[in-house]
Amino acid sequence: MNQFILDAGGAVLILVFAAIFLFITVVVEGLIMWVMKYNNAGKSFLDALIINLVSMAAGYLLTLVSGRPFDLDNLSDFLILYIITFVIEFIVLYFLNRKLPVQKTLLTAIVINIVSYLILYCFRFF
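Numbering-wise, this note's numbering comes out as the position in the sequence shown, counting from 1, plus 2.
Keep in mind that the hints were calculated from the coordinates and are not lab data. One or more of the hints may lead you astray.
[As the list claims (entries may be wrong)] With a cut-off of at most 30 Å between alpha-carbon atoms, the simulated DSBU-like pairs for lysine-lysine come out as follows:
| # | residue 1 | residue 2 |
| --- | --- | --- |
| 1 | Lys-39 | Lys-101 |
| 2 | Lys-106 | Lys-45 |
| 3 | Lys-106 | Lys-39 |
| 4 | Lys-101 | Lys-45 |
[Stated by the list, open to error] Derived DEER-like restraints, expressed as beta-carbon distance ranges:
| # | residue 1 | residue 2 | range |
| --- | --- | --- | --- |
| 5 | Leu-64 | Ile-22 | 17 to 25 Å |
| 6 | Lys-39 | Thr-65 | 13 to 21 Å |
| 7 | Val-29 | Arg-126 | 27 to 35 Å |
The beta carbon of each residue, even a glycine, is placed where N, CA and C say it ideally should be.
With the hints as constraints, model all of the structure from the sequences given.
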C-alpha cells in the first residue's frame with residue numbers, strides 16, 4: 003500500500019512540474035510573440051497556449067507510438083524533440099495566423115522554440 007501512495011505521489015509531481023513548465027513556456031512565448039509584434043498580447047498568449055498544448059499532445063502520442071520515453075539527458079533525443087516541437091508549432095502557428103507572412107511565422111517559431119528549449123534545458127539540468 004505504501005508503494006502505491008508513493009507511485010501516485012510521483013505521478014502527481016510529474017504533472018505539477020509539467021503544468022509549471024507549460025505555464026512558464028506559455029508566458030514566455032506569448033511575451034516573445036508580442037514583443038516581436040507577431041500579434042497583439044491577447045492573441046499572442048492564446049496562440050502560445052494552443053501551440054504548446056498541441057505539441058505536448060503530439061509528444062505524448064509520439065512517446066506512446068515509439069514505445070519509449072525520450073531521454074532529455076541524451077543530446078540526440080533533446081535535439082529530436084526540438085525539431086519535432088519546432089515543426090509542429092510552426093505548422094499550428096501558421097494555420098492560426100494565415101494572414102501573416104510565412105517568413106514572419108517561421109522566424110517567430112524559431113525564436114520561441116530556442117527560448118523555450120533553453121528554459122527546458124535550465125529546468126531539466128539545474
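Which constraints among the numbered hints does this structure fail? Numbers only, ascending.
6, 7
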